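Following the hints, put chain B in place on chain A, whose structure we already have.
Each protein sequence line maps, in turn, to chains A and B. Going letter by letter, the first sequence gives residues 1 to 361 in my numbering. Going letter by letter, the second sequence gives residues 1001 to 1374 in my numbering.
None of these hints come from the bench; they were simulated from the model. Note that this is a predicted model, so its numbers are computed, not measured. Some hints could be false.
[What the hints assert, rightly or not] Taking lysine to any residue and the SDA-like style, the derived pairs with C-alpha atoms no more than 20 Å apart in a straight line are:
hint	chain 1	residue 1	chain 2	residue 2
1	B	K1345	A	I162
2	A	K319	B	A1187
3	B	K1345	A	N166
4	A	K189	A	T204
5	A	K319	B	I1135
6	B	K1345	A	T204
7	B	K1345	B	T1009
Chain by chain, the residues:
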Amino acid sequence: MSQLSNLWTRFLSLNTDVQVRWKSMSRVQRLSGYVLAVLALYLAPWWPKIPGIGWLVNTPGTQFSTVLNDQVIIFVLVALGLNVVVGLAGLLDLGYVGFYAVGAYVVGVLTSQHASLPWIVALPIAVVVSMLVGVILGTPTLRLRGDYLAIVTLGFGEIIRISAKNLDWLGASRGISDIGKPPSIGPLKFGVLDPKPYYWLGLTLVFLVVFCLYRLEESRVGRAWTAIREDEDAAELMGVNTFKFKLWAFAIGAAVGGLAGAHYAGKVGFISPDNFPLQLSILFLAAVVLGGSGNMAGAILGGIMVAWLPERFRNFTDKRVLVFGIALVLVMVFRPEGLLPRRVRTKSPMKPASDGQEVTQ
Amino acid sequence: MPDWLIVRTFWDLTVTGLALGSIYALVALGYTLVYGVLRLINFAHSEIFMVGTFSALIASTQLLNIPMLEDGNYPYRTGGTLVLFLVFILFAAMFISGVGAVALERIAYRPLRGNGDAFGAIVLAFLTSFVIGLIFVNETKANLIIACVGTAPISYSYLRFFKKGKKAPRLAFLISAIGASTAIAEAVGIWGPNRREQYQTPRILEKKVLFNALGTDVRVDYVIVIVGALLMMTALTLFVNKTKLGRGVRAVAQDAETARILGVNVDLIIVVTFALGGVMAGGAAMLFTMVYDQSRFNIGFILGVKSFTAAVLGGIGNLKGALLGGFMLGLVENYGSALFGGQWKDVIAFVVLLVVLMVRPTGILGESLGRARV
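For reference, chain A alone in the conformation it holds in the complex:
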């Protein structure tokens, strides 16, 4: 494993080489690179058909594009949201599934159970409601220290699930069916059989979330989060309003979780309390930490892995969860910072780029 670990480090440094070359490219070259990458992602449902490397991504036993939407997109969205809470602000949230459930249930209630709004109207409401729930939960609890927060959020996740299970207003254990689907635009038909439109919609949501979070991360808010994560007392002394920014992180994380839940509800059309077990929270957290908490690329990678690996290795069948547990321990022992660790800001971040310029000159 140490050799393997070395290999991975070398791969990462190769990554830096690529970055250097990338930065030395012209604008047009870079733009076309982005377009190609985005195009490739949108064409992902056909990846298993690529001769030679297609078998690598294929998921035997399940339809690949279903896995792409129902697992990968959901986990990536959730990992991005939870990464804000856990990775950026350093708050340990073990009940993230609660926000995910709130998003799904708001859509369920508004499009089927008690009203018949279109999905597209219910979506922003779901996001806002999840955010509000995040603020309501965060206001009393964020004053607690880290580990207490863990158990309180864990309790919150259970409270949401048990309430959904026992309140007739929320469909009790029968759940909510006939949830509204996203509106069809031209040839894009959001039906029951074809998961591809949902994948494209989800991917668009992911891009949107990545863009917004990237802007946030680079802003004053992002720097405040980093300061809080590194040393809360020091941040407070330097004039950062820690409580306010922690609450922001919590609310934004909750909003993204709600968005993921709303997308999920729109796709499957049926939700019940059993879709939101406590174990799911733990899988979400595992995705973030496995990939590398605090690094958006890491969170995305972790989300993809936690969602896709169990489907790819279906032949483990009943041992999948066991393997998952063992893998968590192994990754944490050998790469405790995650597969793609957070980049530590150096004194002169532009140095590699200037080296590249010297070469070109």
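For chain B alone, kept in the frame of chain A given last:
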């Protein structure tokens, strides 16, 4: 009227609540001890409890050869045999849970602290080559052979990796704990004879009414649970307060670095802490099987969450707090179920936790394992 139910059955609820609370309290001690010493939520502690229930089961059916039923009746034992059997099962569960907790620390936590040893390397290597083997073949015997063959070279390279000794961030410990917890529960679910179904444990104690107080029949098993838990807890408190090792535990809880400088063998103390927690969980497991006559591979998760809640409620890192929190949680759950209906039991428990933490952010008794006399 539901209000009448709680009045009518108040003392009943109190007795059963205290019995359940004792089990919570015993498991909570494990969380509290480890948290006090390592500042780590030992998520896998619940599985140590689960392993304890299975040890009790195996001890009574395999070692003591007690059948599930004798001539259509429960295999009741009486007098000295009963006491002997119960004590034997208790010690078996305590021993296995204690060993399990120490092994867990060596495998899943010590490498993260930057001083992994050969034992951890070998087990991790075994698990690695087991997983690698699974990619090619899914047949237990073949997998075991592959795992054994792969262990030697992989553990060698693991050991070399361990020599670098880097300390992991705190979140990594938690994820490793979650992974270990999942893996242990799943392993029992996959390879146990009943797989994922429920297991019955033989009932050797006749659950007759011991005495009647305040209009309530108090059953003998409840009395044993409560008294047993209190005894175990007293023993633990004495150990932590009066022995040399216990002083070490308090010293490390207070300040690990200073304790190391002053000559405390921190690694030994950590092993002792895990062993103590495991032994308590084993005791809780035996008492649990005695009262509820059952076990299952996933029995630990919810109970673990509740026990951790109890530990936080009382003030984590505080032994008396674990006791208080456990009893309180057991009682609150029982009264709450009678008031609002059993399905709201867990919600009530968490709401009480939330309210208590808002009023007293460090739990009812505050954190203290290191700071004051326990």
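Outcome of the hint check:
| no. | hint | in the structure |
| --- | --- | --- |
| 1 | K1345(B) - I162(A) | holds, 9 Å |
| 2 | K319(A) - A1187(B) | holds, 8 Å |
| 3 | K1345(B) - N166(A) | holds, 12 Å |
| 4 | K189(A) - T204(A) | holds, 16 Å |
| 5 | K319(A) - I1135(B) | holds, 11 Å |
| 6 | K1345(B) - T204(A) | violated, 41 Å |
| 7 | K1345(B) - T1009(B) | holds, 16 Å |
Hint 6 from the earlier list is the only one contradicted by this structure; the remaining hints agree with it.
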